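> If you read the sequences in order, they're chains A and B. Sequential numbering of the first sequence, starting at 1, is according to my numbering. Sequential numbering of the second sequence, starting at 1, is according to my numbering.
Hints should not be assumed to be uniformly reliable.
As the list claims (entries may be wrong) - Derived DSS-like pairs (lysine-lysine); straight-line CA-CA distance at most 27 Å: (1) 240(B) - 134(A); (2) 30(A) - 127(A); (3) 121(A) - 76(A); (4) 127(A) - 240(B); (5) 60(A) - 149(B); (6) 37(B) - 88(B); (7) 261(B) - 127(A); (8) 149(B) - 147(A); (9) 124(A) - 76(A); (10) 117(B) - 152(A); (11) 240(B) - 164(B); (12) 30(A) - 124(A); (13) 81(B) - 106(A); (14) 261(B) - 191(B); (15) 88(B) - 99(A); (16) 106(A) - 50(B); (17) 106(A) - 117(B); (18) 81(B) - 99(A); (19) 95(B) - 106(A); (20) 76(A) - 150(B); (21) 106(A) - 149(B); (22) 150(B) - 164(B); (23) 150(B) - 63(A); (24) 99(A) - 30(A); (25) 81(B) - 147(A); (26) 240(B) - 60(A); (27) 123(A) - 99(A); (28) 60(A) - 150(B); (29) 152(A) - 149(B); (30) 191(B) - 227(B); (31) 154(B) - 147(A); (32) 240(B) - 135(A); (33) 106(A) - 124(B); (34) 99(A) - 50(B); (35) 76(A) - 60(A); (36) 219(B) - 60(A); (37) 150(B) - 152(A); (38) 63(A) - 149(B).
Source of the hints: derived by calculation from the structure; they are not laboratory data. Keep in mind that this is a model prediction, so the values were computed, not measured.
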Amino acid sequence: MLVSFLLALLITCWIYYQGTHRIGDIAFNKNIDDSKFEVCNEDRIFQYYSVGTNYSNGEKEIKRQFSELMSNLTFKNSGFITFRFVVNCNGEIGRFRVKTVDTELKENHFEERNIRHIEEKIKKLKKWNPGSRKKQNFDSYYVLTFKIEDGKINDIF
Amino acid sequence: MKKFLKIIKIVLTVLFFSYSIIIVYFVGFSSKDGRFKVAEHAQGMYLSQKMFDILIFQNADNSDLYFEKSVAFNKMGQYAKGSELLDKAVQIDPKIHLGYRGWLKLRKLRSFDNALKDFDRLDKLTPNVIDAPWGEDIDFLRGECYYGKKEYQKAIDMFNRSIKNQKEDWADIHTFVYLGLCEYELGNYEKAISEFDRALQQSQTTPESYLGMAKAYHKLGDIQQAKNHVSKAEEYIESKRDDVYNELLNEIYLSDVIAFKESLNN
Chain A
1 MLVSFLLALL
11 ITCWIYYQGT
21 HRIGDIAFNK
31 NIDDSKFEVC
41 NEDRIFQYYS
51 VGTNYSNGEK
61 EIKRQFSELM
71 SNLTFKNSGF
81 ITFRFVVNCN
91 GEIGRFRVKT
101 VDTELKENHF
111 EERNIRHIEE
121 KIKKLKKWNP
131 GSRKKQNFDS
141 YYVLTFKIED
151 GKINDIF
Chain B
1 MKKFLKIIKI
11 VLTVLFFSYS
21 IIIVYFVGFS
31 SKDGRFKVAE
41 HAQGMYLSQK
51 MFDILIFQNA
61 DNSDLYFEKS
71 VAFNKMGQYA
81 KGSELLDKAV
91 QIDPKIHLGY
101 RGWLKLRKLR
111 SFDNALKDFD
121 RLDKLTPNVI
131 DAPWGEDIDF
141 LRGECYYGKK
151 EYQKAIDMFN
161 RSIKNQKEDW
171 ADIHTFVYLG
181 LCEYELGNYE
191 KAISEFDRAL
201 QQSQTTPESY
211 LGMAKAYHKL
221 GDIQQAKNHV
231 SKAEEYIESK
241 RDDVYNELLN
251 EIYLSDVIAF
261 KESLNN
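Just chain B, with the same shape it has in the complex:
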């Protein structure tokens, strides 16, 4: 019986130690790629952050580690810590991370000047490449920055450059919407209508274009056309541009459409 208990003790000791060793090996010594993927998928968890800390300790020059670690902080609104990590990633490999940093500053912080600085620096670092920060054309994003700054002519120049580079059929449909919005702000209402119409040539269900056209027709005194287009905006509002993370600069809501529609009837 004593011998049996001793065997049990030895087996359990081996099992407990093996379990501990496997966990320690997995967290600290298994394949770096594997650990990176696990930490990436567990974004935001303390475990993920600890695994990134260990990976950074073992490979301090890997910019992707700082970048991935920063994402959770920025998503949670902890920009001081997120920015510190992202800046480190940019410092190590600016060509890879400047675009994302600019995109983040534009979309999550509406920090237009700082976003433009990053986009312009990236552009200079990659002279023969049309960059696409976080999957969007760099000139479209620069256009959004200038639109946010209310520098509408510069925004128009950027959006037109984006269309030239991407080609009419491949450009982001909201490039045309923004062109319409900029022309509207500059008081060029007929030009605004033609720009909004370019978006509708790509998709007939673009409520931002219909609302923009309705407002432009209203400015031109054509109330019937304004009413026709605002009704279309209402009909297609479900197709509006939105984003789960942040309100977009040109985002519209059903309440905007209805308020404008009612103002036409008064």
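Next comes chain A alone, as it looks inside the complex:
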């Protein structure tokens, strides 16, 4: 009986873990994340497209805010830098993670210094509208992509 119980328990734990974790989840990492940034409900962080999270006046406005960096930062490679982060229910942002690919969407690398510059600039964006449903605000994950072409940030979306 013990063996059958342990097997059932093991399978239940496996199913629970597989059913409660998602691709792209960002858990707090004390080594890289700002401890002052808090989510409102750790167990319920939506995707931006499910709850309508957005930036006031859209990515066009983000591009305006980045205009100086778009002119000044130079890159050796082309491709895409994608930031994924949390917009909490108060419209604050944190827990940044970065993925980079080349123009053929294969993993590649961009200058670390430039990535840090971009991240610091994103942190200064203050007009986030948190995701909401039925007048209640929620935490959500947001994705912001920087297109790098001809050595410059060519587009942000």
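Based on these hints, arrange chain B on the given structure of chain A.
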């Protein structure tokens, strides 16, 4: 009493084993269609990905499995992994998946040249079919690619081909908006106004057309008409084109309208 406890033990053992067997059967051996649907609906969950892994192990030539598994990665911005899976789907069945890959490259990555490559290849593979990648006319999407590349005359050719194939009344209303935007960029302001007006013939609540017309009238020096049209753009801004996943190439915001309106008053 001992006999009773023994019976209880046997019953519980059978129950625990049955439970485990049912779970293992459901995840690994039940109907493939059923498991596919469950994995599809649980998009993004580790469980969904594991079920796709098992299905792929059991049916490595089914392109839909790679495609469905890729969707969550691309939505989360993990394009290396998403693209690897989607490329595999395209490799197995290009006619089915090239359109979606092109659409993804256009809308989520603004990778216009790569999107065009996929659309053009799909078109060659299906010579007698007007393709509709992810439900949108292929020439409309190619027009968007050329608009993104700032190759406005080529964009106009594609949008006109889309209208010819879809017919005026059935074409996407933003085909006309894009035509207006392209003509505007080429400096053909009167033509731009007539193209924007074609969109308004389909729907009087198209703010992108009103804003485009206002800018074209401004270029032609007709400030009163520019003011009239920018007010209409403001009135109908709630009807603007948008998308929950990504900002669109011709997307406008109330702030754009107000900024232009204020510039007319200065």
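> Would you mind marking each hint as holding or not holding in the structure?
Verification of the supplied hints:
1. With a CA separation close to 22 Å, the supplied pair residue 240(B) and residue 134(A) stays within the 27 Å bound.
2. Among the hinted pairs, residue 30(A) with residue 127(A) is consistent with the structure: their alpha-carbon atoms are about 26 Å apart, no more than 27 Å.
3. Under the criterion of a C-alpha separation no larger than 27 Å, the hint pairing residue 121(A) with residue 76(A) is consistent with the structure, at around 20 Å.
4. With a C-alpha separation of about 21 Å, the suggested pair residue 127(A) and residue 240(B) falls inside the 27 Å cut-off, and the hint holds.
5. Proposed proximity of residue 60(A) and residue 149(B) is supported: the alpha carbons are some 17 Å apart, at most 27 Å.
6. Our distance criterion of 27 Å between C-alpha atoms is met by residue 37(B) and residue 88(B), whose separation comes to about 20 Å.
7. Proximity of residue 261(B) to residue 127(A) is assessed by CA-CA distance (about 23 Å); at most 27 Å being required, the pair is judged to hold.
8. With a CA separation close to 13 Å, the supplied pair residue 149(B) and residue 147(A) stays within the 27 Å bound.
9. Taking the CA atoms of residue 124(A) and residue 76(A), the gap is near 26 Å; set against the 27 Å cutoff, the hint holds.
10. A threshold of 27 Å between alpha carbons decides the hint, and for residue 117(B) with residue 152(A) the separation of about 24 Å falls inside it, so the pair holds.
11. Taking the CA atoms of residue 240(B) and residue 164(B), the gap is near 25 Å; set against the 27 Å cutoff, the hint holds.
12. Only pairs whose Cα atoms come within 27 Å are accepted, and residue 30(A) paired with residue 124(A) is accepted, the gap being roughly 21 Å.
13. With a C-alpha separation of about 8 Å, the suggested pairing of residue 81(B) with residue 106(A) holds against the 27 Å cut-off.
14. Between the alpha carbons of residue 261(B) and residue 191(B) the distance comes to roughly 22 Å, so the proposed pair stays at or under 27 Å and holds.
15. The suggested pairing of residue 88(B) with residue 99(A) holds, with an alpha-carbon distance near 21 Å, which does not exceed 27 Å.
16. Using a Cα cut-off of 27 Å, the hinted pair residue 106(A) and residue 50(B) holds, with the two alpha carbons roughly 23 Å apart.
17. Restraint check for residue 106(A) and residue 117(B): the C-alpha separation of about 17 Å stays at or below 27 Å, so the hint holds.
18. Annotation: proposed proximity of residue 81(B) to residue 99(A) holds, straight-line Cα distance about 11 Å (limit 27 Å).
19. Only pairs whose Cα atoms come within 27 Å are accepted, and residue 95(B) paired with residue 106(A) is accepted, the gap being roughly 23 Å.
20. Taking the CA atoms of residue 76(A) and residue 150(B), the gap is near 24 Å; set against the 27 Å cutoff, the hint holds.
21. Proposed proximity of residue 106(A) and residue 149(B) is supported: the alpha carbons are some 22 Å apart, at most 27 Å.
22. Proximity of residue 150(B) to residue 164(B) is assessed by CA-CA distance (about 22 Å); at most 27 Å being required, the pair is judged to hold.
23. Between the alpha carbons of residue 150(B) and residue 63(A) the distance comes to roughly 18 Å, so the proposed pair stays at or under 27 Å and holds.
24. With a CA separation close to 20 Å, the supplied pair residue 99(A) and residue 30(A) stays within the 27 Å bound.
25. Between residue 81(B) and residue 147(A) the CA atoms are separated by roughly 18 Å; this keeps the pair inside 27 Å, and the hint holds.
26. For a cut-off of 27 Å, the pair hint linking residue 240(B) to residue 60(A) stands: about 15 Å separates their Cα positions.
27. Annotation: proposed proximity of residue 123(A) to residue 99(A) holds, straight-line Cα distance about 17 Å (limit 27 Å).
28. As the CA atoms of residue 60(A) and residue 150(B) are separated by approximately 17 Å, the hinted pair is consistent with the 27 Å bound.
29. Straight-line distance between C-alpha atoms of residue 152(A) and residue 149(B) comes to about 16 Å, which keeps the hinted pair within the 27 Å bound.
30. Note on residue 191(B) and residue 227(B): the hinted pairing holds, with a Cα-Cα distance of about 19 Å set against a maximum of 27 Å.
31. Between residue 154(B) and residue 147(A) the alpha-carbon distance is near 23 Å, which keeps this suggested pair within the 27 Å criterion.
32. Taken as a hint, the residue 240(B) and residue 135(A) pair is honoured in the structure, with Cα atoms around 22 Å apart against an allowance of 27 Å.
33. For the given pair, residue 106(A) sits about 26 Å from residue 124(B) by alpha-carbon distance, which is consistent with the 27 Å threshold.
34. Distance check on the hinted pair: residue 99(A) and residue 50(B) sit about 23 Å apart at the alpha-carbon level, within 27 Å; holds.
35. About 25 Å separates the Cα atoms of residue 76(A) and residue 60(A), which keeps this hinted pair within 27 Å; it holds.
36. This hinted pair checks out: residue 219(B) and residue 60(A) have alpha carbons roughly 23 Å apart, not beyond 27 Å.
37. For the given pair, residue 150(B) sits about 17 Å from residue 152(A) by alpha-carbon distance, which is consistent with the 27 Å threshold.
38. Under the criterion of a C-alpha separation no larger than 27 Å, the hint pairing residue 63(A) with residue 149(B) is consistent with the structure, at around 18 Å.
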